[in-house]
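From first to last, the protein sequence lines stand for chains L and Y.
Just so you know, the first sequence maps onto residues 1 to 290 in this note's numbering.
Just so you know, the second sequence maps onto residues 1 to 282 in this note's numbering.
Because the hints were derived from the structure by calculation, they are not lab data.
It should be emphasised that the depicted structure is a prediction, and the values quoted were computed from it without experimental measurement.
Built from N, CA and C at the ideal position, the CB exists for glycine as well.
Please note that a few of the clues may not be correct.
To be verified - What follows is a list of derived Cβ distance ranges for each label pair: (1) Y:Ser-272 <-> L:Gly-174: 43 to 51 Å; (2) L:Leu-37 <-> Y:Ser-153: 53 to 61 Å; (3) L:Ser-115 <-> Y:Leu-41: 22 to 30 Å; (4) L:Val-261 <-> Y:Leu-41: 52 to 60 Å; (5) Y:Ser-68 <-> L:Thr-195: 55 to 63 Å.
What the hints assert, rightly or not - Facing chain Y, according to a computed beta carbon distance under 10 Å, are these residues of chain L, among others: (6) Leu-197; (7) Gly-260; (8) Arg-273.
Claimed, not checked - Partner residues aside, some chain L positions facing chain Y, computed with beta carbon under 10 Å: (9) Asn-63; (10) Gly-174; (11) His-179; (12) Leu-182; (13) Arg-187; (14) Met-188; (15) Ser-189; (16) Thr-191; (17) Ala-192; (18) Leu-203; (19) Val-261; (20) Ala-265; (21) Thr-268; (22) Ala-270.
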Amino acid sequence: MTAGAVTPDTETPGRGSASQTGARPTGRRVSWRPRWLVGLIVPVVLVAAWQLAKSAGALSYANLPSPLQIWDSAVTLTGNGQIPGDFGHTLAACLLGWVIGSAIGAAAGVALGLSRLVWSYSMASVEVLRSIPAISFIPIAVIIFLQSLKMEIVIAAWVSIWPVAVSTMAGVGGVTSAHRDLAASLRMSWTARVTKLALPTALPKMLVALRLGLAGALVLAIVAEIVGNPHGVGYALVNAQQQAQPAEMFAYVLLTGVVGVVLNALLTLAYRRLAPGFHLAESRRTTSGR
Amino acid sequence: MSTSAARPAQSAQVAKSAQSARPDAADHAFACSGLFVEYPLRTGPLRVLEDVAFSCAPGEFISILGPSGTGKTTLLRILAGLLAPGEGSSVTFEGTPLTGPNDGVAIVFQDYRSSLLQWRTVRKNVALGLEGRVDKAERDQRVDAALDLVGLSGRARDYPWQLSGGMQQRVQIARALVMRPRVLLMDEPFGALDAMTKTQLQDELLRVREVTGATVVFVTHDVDEAVYLSDRVLVLSGSPARVTTELDVDLPSPRDQVATKEDPKYLRIRHSVYETLKGVHQ
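Work out the full structure: start from the sequences and follow the hints.
So this is what it looks like as structure tokens:
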């Protein structure tokens, strides 16, 4: 009944699919904004409870700071340039490694997906290498590249390669026979087939992998700083621990979470901007159940 | 002298195909004779087409008509160069043996939904074949002309899935026309459309053909459609299939959905096509 009342909205092109599924009343879209605000209630209540418990002395752990102490530390560390500097370092390592690793992964995925020969020779190695936890390579990377930014970048790149390679391979192999016929009849070059058919076909799968890779690269960059390169967020955590500054540690950890969310959001935004048709066609395909 | 006289007598088949389709080279868009195809199955090769022989004059509109599953699409794929015929078949395009897809031949596939690139706008779908071949100015101008010809100028920036089925098929036709083909191969292009859209697109196709002068090879299982559109109808039937009947459709043009279909001549041709097909089913 409520769904019927909002059908005019579903007449808009691109949204028509919502009415086809029927199961999802469009009324939900109206409540989207309040719901987003509703999501803030839980963290605010939790932080308030934490602060109250700490002030009332109900939390006995001496090294558990209160939210206000964490806030103060964050403000101080931002003011004296430590937080911007450390996050700048970690983000640079993470993003650079992720870009390099994704590029290698995409190229490898195209080769694996399009060439039977490459696939036959390499797939076993790929399966083994990607099964090894990337984190276990950090000690090796430290011994080879020493305590350097390069070491961090290599580790971040390494962890990004595999999801992108495997999903690109699967996506590129998904070019339909109809599109292959089309390419043949238009006498498209090999490069054109890859860039205009194979990669767009692979794009939705690749995006999922790129997000996975970015999250992994951030984690690995920080771990590499904890155990290897004495810079950035990871080293700041170790340092704060050794100086018994729990509030600083919490400030860094919570900010890392925020950075992760922002990176993911930026990536989603970039995707919608760069490949609008694809994004829309995809969401339509999924909502209409095709 | 004696050898040349003896040759036709050796095989009736050779003589027959030589008569109907061994014309002089460039007088023909397509010419085939002794054409056969086999699909390898686990139980052995399945012969789909056998001794298919016909030719198609430049500018001619021919329909290949037959029940579904006879191998019409297979035949069209051979003409398109997407499928190699059996060893020893003779297929020529403009006098040269066919070895693969040709410039000058464009295809409109049956399933527009799977053939269009859903992530590209209408305009970029149409431009696909020209990319990397002509400069941007020429490409823009040709895409505009093709879109205009199929009446889609206003939808150039939309995505295929925002269009109706008839419009999506028009995009495919524009994508073929933009290549300025001398031959248009069409595989049941209107088969998935409703009756009203279908008649509308039939008339648009005739108009497009009038403007471009392209040769059209049109595969369909719709008798009325074949007779209404074509200069000549080839009936493909049997198993393995061959061209069992050729009918000239000497109806005046431009054709008209009402007047042409009331023309006694139209009814007569339609009648004899149905008679042929009835014979096939018995």
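- [ ] May I ask which of the numbered hints given earlier this structure violates, with the numbers listed in increasing order?
- [x] 2, 5, 7, 8, 9, 10, 19, 20, 21 and 22
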